[in-house]
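Q: Here's the letter readout for the chains.
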Amino acid sequence: MANIKPLGQRVLVKRLAAEALSAGGIALPDTAQEKPQEAEVVSLGTGGKDDDGKTIEFSVKVGDKVLISKYGGTDVKIDGQEYLIMSESDILGIVS
Amino acid sequence: MANIKPLGQRVLVKRLAAEALSAGGIALPDTAQEKPQEAEVVSLGTGGKDDDGKTIEFSVKVGDKVLISKYGGTDVKIDGQEYLIMSESDILGIVS
Amino acid sequence: MANIKPLGQRVLVKRLAAEALSAGGIALPDTAQEKPQEAEVVSLGTGGKDDDGKTIEFSVKVGDKVLISKYGGTDVKIDGQEYLIMSESDILGIVS
Amino acid sequence: MANIKPLGQRVLVKRLAAEALSAGGIALPDTAQEKPQEAEVVSLGTGGKDDDGKTIEFSVKVGDKVLISKYGGTDVKIDGQEYLIMSESDILGIVS
Amino acid sequence: MANIKPLGQRVLVKRLAAEALSAGGIALPDTAQEKPQEAEVVSLGTGGKDDDGKTIEFSVKVGDKVLISKYGGTDVKIDGQEYLIMSESDILGIVS
Amino acid sequence: MANIKPLGQRVLVKRLAAEALSAGGIALPDTAQEKPQEAEVVSLGTGGKDDDGKTIEFSVKVGDKVLISKYGGTDVKIDGQEYLIMSESDILGIVS
Amino acid sequence: MANIKPLGQRVLVKRLAAEALSAGGIALPDTAQEKPQEAEVVSLGTGGKDDDGKTIEFSVKVGDKVLISKYGGTDVKIDGQEYLIMSESDILGIVS
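Residue numbers (full-length UniProt numbering), protein chains in the order written: chain A, 1 to 96; chain B, 1 to 96; chain C, 1 to 96; chain D, 1 to 96; chain E, 1 to 96; chain F, 1 to 96; chain G, 1 to 96.
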């Protein structure tokens, strides 16, 4: 499979289908102006550095199911499947 | 119950019904351009770090009743109930 | 009485009536584009932290009469009375 | 007389009449898009703090005649006289 | 061949043809509002410095295939071939 | 003569006439969208401080002929002559 | 010849003619929204200081052929010849 290593504090995620959402007990209201969407973290970026040069740890890990802002990130298709590259700071929360 | 752990300095809150508001002695004026709303803190985020890498403490705790800006945060429905994920800095105050 | 503890460097203030203003010798011009208003500090917030983690002292104290920007802050009604939650930095000065 | 202590790095100034200006040798062109105006410093604020917590000294003192930007500051009337509360950084220069 | 050394944290990249993309298993959706594009890193810039004066390492190296934002960078033609000069921070990820 | 001491990192300059410009070998193109103009530094401000509280030295001195941005600064007339108060950072270069 | 010493981290450059460009193997596409242009560095500024007061070195030197953004800088004519004063950060790369 072709692979993408996100640069810096970015992550690669894959949107989860709406069916998966209701099965997992998470549903997203139709009326919200900006609906978050559920996705799964596929790979972490090369990492960022803070002002003192220390590596910033990611708060998510591969396999985490996350809520992401609907409009964040950039779409990319790999081997026929759609993914999103987005800044970790655009992830709202981890679903468990 | 499905669960959401907010990322960083975000919190998960649940809006309180208007009835609860007047019962508690807090009412919100109809005429204000941006009306704050009362909500209850359901869970705290993974936490933020300051410039020196020290963890930033949350000023609210789970169960706190808080006033939130009407337009802050992002709606999300969990197990059929509506919640809000929002930055702690968008919480105006704690109701007691 | 229901109570609100503002979060961070915010304060809770109560607008003073126009009558109180003229009695106190402070009057506000009708022609100014942004008229300041007189108010009384009701409670201080939980406080802010500077870059080194030290608590930032409030420059106002409870009971201070202050001039506030007309458009700053957020209205909130507590036990039937209107208050404002606003950042301390939106307070222009202390009236004495 | 009612009194106002400006908050932080703000100052309270009183505009000088146009007559005073020409008498003092300072005249302001009619054609300039943003005309500075002459004013007198009435009182200094509570003072600001720099990043290291040290007090920032005011560069003006009470009684200084200053040039101020026409659109800076907020009008306030005290005991029937108009004043301006403005950030010291909006003062362009000291007239001597 | 004429040569360009990008200044600072910039890199010089060469867009890869759409054919190369599908052959490599990477395809870009037609519907995305901002489509990333695949490119190859041709040369690295003179490098940036962080706040402490230490050189910031590049996260990409010459020859890396990268995904770039469609609208980032500036076009330049060298010896008849088109290139892009862009900030490294506008590179979304490394394709492998 | 009335005098103005600019505040902070500002300088007081006096525009040089167009005749002076061509005589000195400096001419300004009619077609440029933002034409710089030649001026002479009349007085330096009270000075600025950097983040560590150290005084920032001026890069220009009284009497320097400088190129200034056409739209920078604020006009002020002193004893019938027009001057400009402007930030030193709006000076493009020193003419010699 | 009249001379201009740019202030701070600015440089003085002279645009190179389009003929020079194609001769040197560098051509600029007609279709690019913002076309870079080739220029030669004529003089360096007085230099900038970083947050610790240390002088920031220029990454270009006098005589360097550089690619500049089409819309960056300010035009100025010296002894009948057109130059540009621009921030070094608006130089995209060095041509060799």
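Just so you know, the hints here were simulated from the structure itself, not pulled from any lab data. Since we're looking at a predicted model, the values are computed, not measured. Positions of the beta carbon are idealized from the N, C-alpha and C atoms, including for glycine. Heads up, a few of these hints could be off.
[What the hints assert, rightly or not] As a list, the in silico DSSO-like pairs of lysine-lysine whose alpha-carbon atoms are at most 27 Å apart: (1) Lys-5(A) with Lys-77(A); (2) Lys-54(D) with Lys-54(G); (3) Lys-5(G) with Lys-70(F); (4) Lys-49(E) with Lys-77(G); (5) Lys-49(A) with Lys-5(E); (6) Lys-5(F) with Lys-49(D); (7) Lys-77(D) with Lys-61(C).
[Claimed, not checked] If you anchor each label on the Cβ, the simulated ranges turn out as follows: (8) Ser-87(C) with Gly-53(D): 16 to 22 Å; (9) Ser-89(E) with Ser-96(A): 42 to 48 Å; (10) Glu-40(F) with Lys-49(E): 34 to 40 Å; (11) Ser-96(B) with Lys-54(C): 25 to 31 Å; (12) Gly-47(A) with Thr-46(E): 45 to 51 Å; (13) Thr-46(D) with Ser-69(G): 41 to 47 Å; (14) Thr-46(E) with Ser-96(D): 30 to 36 Å; (15) Ser-89(C) with Gly-63(F): 40 to 46 Å; (16) Asp-52(B) with Ser-89(E): 23 to 29 Å; (17) Glu-57(A) with Ile-56(C): 25 to 31 Å; (18) Asp-52(B) with Gln-81(A): 38 to 44 Å; (19) Thr-46(C) with Gly-53(F): 28 to 34 Å; (20) Lys-54(C) with Lys-70(D): 36 to 42 Å; (21) Lys-70(B) with Gly-47(A): 33 to 39 Å.
Q: Does each hint hold? Answer for all of them.
A: For each hint, the structure was consulted:
1. Lys-5(A) with Lys-77(A): holds (14 Å)
2. Lys-54(D) with Lys-54(G): This hinted pair holds, its Cα atoms lying about 23 Å apart.
3. Lys-5(G) with Lys-70(F): Cα-Cα ~18 Å, so holds.
4. Lys-49(E) with Lys-77(G): violated (34 Å)
5. Lys-49(A) with Lys-5(E): Holds - the C-alpha atoms of Lys-5(E) and Lys-49(A) are around 25 Å apart, at most 27 Å.
6. Lys-5(F) with Lys-49(D): holds (24 Å)
7. Lys-77(D) with Lys-61(C): Cα-Cα ~23 Å, so holds.
8. Ser-87(C) with Gly-53(D): 16 to 22 Å: Given range 16 to 22 Å: holds, Cβ gap about 20 Å.
9. Ser-89(E) with Ser-96(A): 42 to 48 Å: Between Ser-89(E) and Ser-96(A), where Cβ atoms are some 32 Å apart, the hint is violated.
10. Glu-40(F) with Lys-49(E): 34 to 40 Å: Hint holds: Cβ distance 36 Å, inside 34 to 40 Å.
11. Ser-96(B) with Lys-54(C): 25 to 31 Å: For Lys-54(C) against Ser-96(B), whose Cβ atoms are near 26 Å apart, the range 25 to 31 Å holds.
12. Gly-47(A) with Thr-46(E): 45 to 51 Å: violated (23 Å)
13. Thr-46(D) with Ser-69(G): 41 to 47 Å: The hint (41 to 47 Å, Cβ to Cβ) holds, given that Thr-46(D) and Ser-69(G) are roughly 45 Å apart.
14. Thr-46(E) with Ser-96(D): 30 to 36 Å: Between Thr-46(E) and Ser-96(D), where Cβ atoms are some 48 Å apart, the hint is violated.
15. Ser-89(C) with Gly-63(F): 40 to 46 Å: For Gly-63(F) against Ser-89(C), whose Cβ atoms are near 41 Å apart, the range 40 to 46 Å holds.
16. Asp-52(B) with Ser-89(E): 23 to 29 Å: For Asp-52(B) and Ser-89(E) the Cβ distance comes to about 24 Å; the hint holds.
17. Glu-57(A) with Ile-56(C): 25 to 31 Å: Once the Cβ atoms are compared, 28 Å apart, the range 25 to 31 Å for Ile-56(C) and Glu-57(A) holds.
18. Asp-52(B) with Gln-81(A): 38 to 44 Å: holds (41 Å)
19. Thr-46(C) with Gly-53(F): 28 to 34 Å: Because 30 Å falls inside the window, the suggested range holds.
20. Lys-54(C) with Lys-70(D): 36 to 42 Å: holds (38 Å)
21. Lys-70(B) with Gly-47(A): 33 to 39 Å: holds (37 Å)
Hints 4, 9, 12, 14, counting from the list given before, are not met by this structure.
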